[in-house]
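Chains as they are written, first to last, in my numbering: chain E, 1 to 278; chain F, 1 to 267.
Don't read these hints as lab results, they were simulated from the structure. For each residue, glycine too, the CB sits at the ideal point set by N, CA and C. Mixed in with the good hints, there may be bad ones.
As the list claims (entries may be wrong) - Taking lysine to aspartate or glutamate pairs in the EDC-like style, the calculated list, with each CA pair at most 20 Å apart, reads:
#	chain 1	residue 1	chain 2	residue 2
1	F	K256	E	D246
2	F	K256	E	E233
3	E	K3	F	D260
4	F	K139	F	E113
5	E	K48	E	E60
Said to hold, decoys possible - Covered by chain F, per the in silico footprint, the following chain E stretches (three or more residues, Cβ under 8 Å):
#	region
6	64-77
7	227-240
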Amino acid sequence: MRKLFSSQLIEARHEMLSIFESIDLTLHDAVTAFVTDDMELARRAKKKTYKIDARCANLEAVCYNLIATQSPVASDFRLLQTIIYIDFNLQRMSDKVRRIARAAKRKVNNDIEFPAEMVALIEQEAASVYQVLGSTVAALVNNDLAAVLALSEEDEAVHGAYQEFFRVFNRTETMEVADDAQMDDFRRTVMVSRYLDRIANIAMESAYRLVFLLTGQRWGADDIADADEEELESMRIPSGEGVTLDPVSDARYVSALAPDEVGSELAALIARVGTDGE
Amino acid sequence: MTVYRNAPEAAQSAITVKEFNFWYGDFHALTDVNLNIAKNKITAFIGPSGCGKSTFLRCMNRMNDLIEGTRNEGTMELDGSNIYAEGVDPVDLRRRVGMIFQQPNPFPKSIYENVAFGPRLQGVTSKSDLDDIVEESLKRANLWKEVSNQLSKDGLALSGGQQQRLCIARVLAVQPDVLLMDEPCSAIDPTSVQKVEDLMAELAPEMTIIIVTHNMQQAARISGHTAFFLQEVAGEPATLIEYGETDAIFTTPMDKRTEDYITGRFG
Chain E
1 MRKLFSSQLI
11 EARHEMLSIF
21 ESIDLTLHDA
31 VTAFVTDDME
41 LARRAKKKTY
51 KIDARCANLE
61 AVCYNLIATQ
71 SPVASDFRLL
81 QTIIYIDFNL
91 QRMSDKVRRI
101 ARAAKRKVNN
111 DIEFPAEMVA
121 LIEQEAASVY
131 QVLGSTVAAL
141 VNNDLAAVLA
151 LSEEDEAVHG
161 AYQEFFRVFN
171 RTETMEVADD
181 AQMDDFRRTV
191 MVSRYLDRIA
201 NIAMESAYRL
211 VFLLTGQRWG
221 ADDIADADEE
231 ELESMRIPSG
241 EGVTLDPVSD
251 ARYVSALAPD
261 EVGSELAALI
271 ARVGTDGE
Chain F
1 MTVYRNAPEA
11 AQSAITVKEF
21 NFWYGDFHAL
31 TDVNLNIAKN
41 KITAFIGPSG
51 CGKSTFLRCM
61 NRMNDLIEGT
71 RNEGTMELDG
81 SNIYAEGVDP
91 VDLRRRVGMI
101 FQQPNPFPKS
111 IYENVAFGPR
121 LQGVTSKSDL
131 DDIVEESLKR
141 ANLWKEVSNQ
151 LSKDGLALSG
161 GQQQRLCIAR
171 VLAVQPDVLL
181 MDEPCSAIDP
191 TSVQKVEDLM
201 AELAPEMTII
211 IVTHNMQQAA
221 RISGHTAFFL
231 QEVAGEPATL
241 IEYGETDAIF
251 TTPMDKRTED
261 YITGRFG
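So that you can see chain E by itself, here it is in the shape it has in the complex (with noise of 0.2 Å):
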């Protein structure tokens, strides 16, 4: 009865961790999409997120039946209460890449010219995305404490980036805007950097789990900020296979993300999952 407990868990986790793979991997083609104007590309990307909330809503179903049935405690249940949050956390990231793949759709469909300067802002700003939604992967898979206590500064790097690009919005001269619709329409694209921004901020929200997963705390982003990694390391108490399993078990789930943006740690097992062929 464990054993299949024990599997249906490490299942859910590694769903949840796949779910992690696609929203990352999708946030790639959205971005893309509006940056080279492909609305073919950002059909698709709006359309795999849609794919990825109804794994989202099953991720959830699956968690409670397992609370109802199981009666889970212990890390077995912190487990399930992590992967709840971060589960509802990836939904609304997956609703930020749909509501940037719409705004690339929209930047085509309305023909609204961006100063370049901008569009290499917001190319800047998903750099820095991509390596927040690495690290907090990276954080995930290794159970890696200091990497949550890291995760604030690139999640600042975004925030920077973000508000780079609306002083820049603000300083370029008004556009021509014909009527209301088309300013809303303008607005909904300029606020691509704001998803973007949310996005990362969501990420690192989830990744703050890890503490409550591996330490039992219910620690909130000011305790995080002033904790130190030997403090941290202090608490951790026991966690059953569910939380321990081999990283590699959880790098398989999450192999398709780029090597240069999930950290040497995770880069290395994806490399080892790739060569054993597993």
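Put chain F on the given structure of chain E with help from the hints.
Relative to chain E, chain F alone:
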């Protein structure tokens, strides 16, 4: 080394246990148990079969005295008095520390006589006093409504769940300070389990309750504190591994053995 998680202080405890060891003949069954049982709260003892939790429970009203060759070391105090001190009357102790067993064990007598048995032994002879005690005890055991018009019925004719509540009423009739329950719900149906659990919650504000259970969910549902016992090596004595607030034990156990046991992955 026992891990303690906001365990009760001695000052707020009904029972305090220090360096307690117990032997069945040559077999050292329990070693170095230190814990305080919170007064007027529910405490659960959990652990695999053979881990000494029932042995330890039975030490609390000296039921083990009835087994030849047993002995103990250390101290076990009820409200500050050593229950193993010379001069302590085990029968009087068992009035103060009542016990409910896994299998309901009503006497082969009427419902009324089952409940009146203890008070009669204590010298209560007045019919009206006994009537009051029987009614009050059955009400506290949440059984009165079901049996009030059939008090002369044989206690053994009741359902399993009702029999268990009758046994609880029988214990309550002598007004104990502590109620020991050794797997009280393992032989009754889920509806009766719920009634017994509700009853425990109702009694706890005025009575210290200690329950041995193999049902993790039950321990998590009803107890304020949980003690996890374990015999790690066959033939070696068992001991207390982790003890403290139930929420902490079931959400963030600090000892890997506790984590493994409560998540069902022991061994």
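Now for the hints, and whether the structure bears them out:
1. With a C-alpha separation of about 18 Å, the suggested pairing of K256 of chain F with D246 of chain E holds against the 20 Å cut-off.
2. Between K256 of chain F and E233 of chain E, the direct Cα distance comes to roughly 16 Å. Compliance with the 20 Å bound is thereby established for this hinted pair.
3. Taking the CA atoms of K3 of chain E and D260 of chain F, the gap is about 13 Å. The hint holds against a cut of 20 Å.
4. Distance restraint check for K139 of chain F and E113 of chain F: the Cα-Cα separation of roughly 16 Å lies within the 20 Å cut-off, and the hinted pair is therefore satisfied.
5. A hinted pair counts as satisfied when its Cα atoms are at most 20 Å apart, and K48 of chain E with E60 of chain E qualifies at roughly 18 Å.
6. Check on the region 64-77 of chain E: 7 of its residues sit with their Cβ under 8 Å from a Cβ of chain F, so the three-residue criterion for coverage holds.
7. With 4 residues carrying a beta carbon less than 8 Å from a beta carbon of chain F, the region 227-240 of chain E meets the three-residue requirement, and the given coverage holds.
The structure fails none of the hints (numbered hints given earlier).
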